[in-house]
Amino acid sequence: MKDLLRRLTSIPAPSGREEQIRAFIQAELKDYCDELTVDTMGNLIAFKRGGKTKLQFAAHMDEIGVIVTAIDEQGFLRFSNIGGIRPHRLYAQRVRFQNGTMGVIGAEKIDDLKQLTLEKLYIDIGATSAEEAKTKVAVGDIASFDHGYLDLGQRVVAKALDDRVGCAVLIEALKRVTKPQNDLYCTFTVQEEVGLRGAKTAAFGLDPDLGIALDVTATGDTPEAPKLAMKLGQGAAIKVKDVSLITHPQVKELLTTLAEQNGIPHQFEVLPFGGTDAGAIHLTKAGIPAGVISVPCRYLHSPSEMVDLNDVEAAVRLVVATMEHPITL
Amino acid sequence: MLLKELSELNGVSSGETAVRHFIRNRIQGRVDRIQTDRLGNLIARCDQGKKGPLVMLSAHMDEVGLMVVGIDASGLLKIKTIGGIDERVLISKRVFVGPQRIPGVIGAKPIHLQEREERERPVKTTGLFVDIGATDRNDAEKDVKIGDLIAFDVQAGPFGDGLFKGKALDDRAGCAVLMNLMENEYDLPLAYAFTVQEEVGLRGATVAAYGLNPDLALVVETTSAGDVPPLKKHQASTRLGAGPAISFMDRSVIVKPALIERLVAVAEEAGIPYQFRESASGGTEAGVINQTRSGIPVAVISIPCRYIHSPVGVLNLDDFAQTIKLIDAFLRNIAQRGLPV
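Those sequence lines, one after another, are chains A and W.
Going letter by letter, the first sequence gives residues -7 to 321 in the numbering used here.
Going letter by letter, the second sequence gives residues 10 to 350 in the numbering used here.
Any given hint could be a false lead.
[Stated by the list, open to error] No more than 27 Å apart at the CA atoms, straight line, and that leaves these computed lysine-lysine pairs for DSS-like:
hint, chain 1, residue 1, chain 2, residue 2
1, A, Lys219, A, Lys106
2, W, Lys241, A, Lys112
3, W, Lys151, W, Lys102
4, W, Lys242, A, Lys128
5, W, Lys87, W, Lys102
6, W, Lys241, A, Lys128
7, A, Lys101, W, Lys241
8, W, Lys242, A, Lys126
9, A, Lys106, W, Lys241
10, W, Lys89, W, Lys102
[Claimed, not checked] Quick look at which bits of chain A chain W covers, simulated, 3 or more residues with Cβ under 8 Å:
hint, region
11, 65 to 74
12, 192 to 200
13, 300 to 313
Hints listed in this document are in silico derivations from the structure and should not be mistaken for laboratory results.
This one's a predicted model, so the numbers in the text were calculated from it and none came from an experiment.
Glycine residues also receive a C-beta, built at the ideal position from the N, C-alpha and C atoms.
Here chain A stands alone, though its shape is the one from the complex (with noise of 0.2 Å):
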């Protein structure tokens, strides 16, 4: 797992540029499941045949970013966000292009921290003028996070841990599953980050019968930290409410039996601000009951997000159950 989550952490991919991960998905995949197609958004569905109830998994590939919007005369990038991202988050971060070119963010004189703002920083990529910038870099190309990953043994850092630890759930999941008994749509999708768009399309084409988004959760187990229920290392969280969704109650039922039958060690998640996939999965059509097993993560839409490896197994156990039951609603 360790492994995977290295590999799937390294690949840049930020909303609407999710070919890199999606690429490296699908090798991984093409063993596990019977057909792997990628729709008009670019959302990845791997498919595996198991029975009559249409289950739809979601984990999303993209990861917040920037995007370069102006090249000043002096050769330095001005840049907006593609996600939720906070300008002090920014501040002397390192950012990766698509096309390799690095580059640090910078920032216009300020007397107090609350007067940065996304205008007041730019990308130094090293230009000595426009000319020299606009060889490497144009406008609308995109960048992400340049953070390593981190080993802490139980723990591990990196950056878009938000969602590609839904990914490597997912895709883990898909290898261990012997008896599938629900038709899997084991979907990857794209640009959730800027409002859960992949997702919402991705579902009106599969009308499945029942959603289940896989993502991260924030928790309240760090120095006066929000009040939250959710800790790390206390095992996969069941969402019962964010923003976008209130999880159907027979699917939160149907989670929480599962994790209960399977002693698989599991929290329940109420999650005062954010979205997931869920929530456009579950007003799709005439309605789809939906729900969220996350995996708590600190210091989120952050270069260095943590996990704790007990969380990703126990959601990974938690996957696997669910594909694994006969489900009726």
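Chain W: place on chain A using the hints.
Showing chain W alone in chain A's frame:
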């Protein structure tokens, strides 16, 4: 002049009838079939005997404006904004109220009667009213009803060195582009959608795209030109006179790189000037079209326009002409080479 005629029509969101009638009359006979859908979108198709991917071209008919929300005892009209209007531009503007185009002016407390603090703050819509010259409520109610829409009274026309000024250029200029394209024959099925209620939440395009289910959509818009002080150069998203603006991303959509590459290749091959919209903010109908059904690839081409969402916008007529040329060349390219993948 088509642009002038379109600009001077009133079509505040949900009240697009006059614009729809005008376009319908003008394009009759030029297309294979015309239909008005249930939300009021005007859909014109050129698809008889055509093979290939269905391409949807969309431009919205509606404009920002005001709505009458009350009539006071003295016959003055209370108002609310429809769409994103900077309230500070409203004072003292001449307007037309309702389908009968009743003339009025937007009034506010004159400077002599204002307290010092009032002078330092911009007036909010709640402090503004429309005066239609009525003597009292009964008199006003003869001409105006609550819910009537209010549009700015602005004469459009060319001025300066190849520029054009007028209200509602967002997005009548886009409508004019579509009407110009209809003069040409393309070897692929096309659906021209003149949509309603864009300014209040991309509503017309949402259902138009669902109904048409195209293989590719092209949104023709206007976008703010920031080439005016005190903006720094890197803060301007587009510039007047630099050609049509191609979007790579905004808050509603990320355009597929392959589509942008094709547009750029077409422009360069045909020697058509273009610029990138150097911003990732704002949103257009492309967002909802892209998210329709199982997903629809979409691109956005915009005519740069100064002072949009105010009573008067300014665009460059060459940008307008080049936009038509670029889309014309793009459609011929798609007919010949198919969709970019």
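Quick rundown of the hints versus the structure:
| no. | hint | result |
| --- | --- | --- |
| 1 | A:Lys219 <-> A:Lys106 | 24 Å, holds |
| 2 | W:Lys241 <-> A:Lys112 | 12 Å, holds |
| 3 | W:Lys151 <-> W:Lys102 | 23 Å, holds |
| 4 | W:Lys242 <-> A:Lys128 | 21 Å, holds |
| 5 | W:Lys87 <-> W:Lys102 | 15 Å, holds |
| 6 | W:Lys241 <-> A:Lys128 | 23 Å, holds |
| 7 | A:Lys101 <-> W:Lys241 | 16 Å, holds |
| 8 | W:Lys242 <-> A:Lys126 | 16 Å, holds |
| 9 | A:Lys106 <-> W:Lys241 | 22 Å, holds |
| 10 | W:Lys89 <-> W:Lys102 | 15 Å, holds |
| 11 | 65 to 74 | holds (count 5) |
| 12 | 192 to 200 | holds (count 5) |
| 13 | 300 to 313 | violated (count 0) |
Hint 13 alone, counting from the list given before, is not met by this structure.
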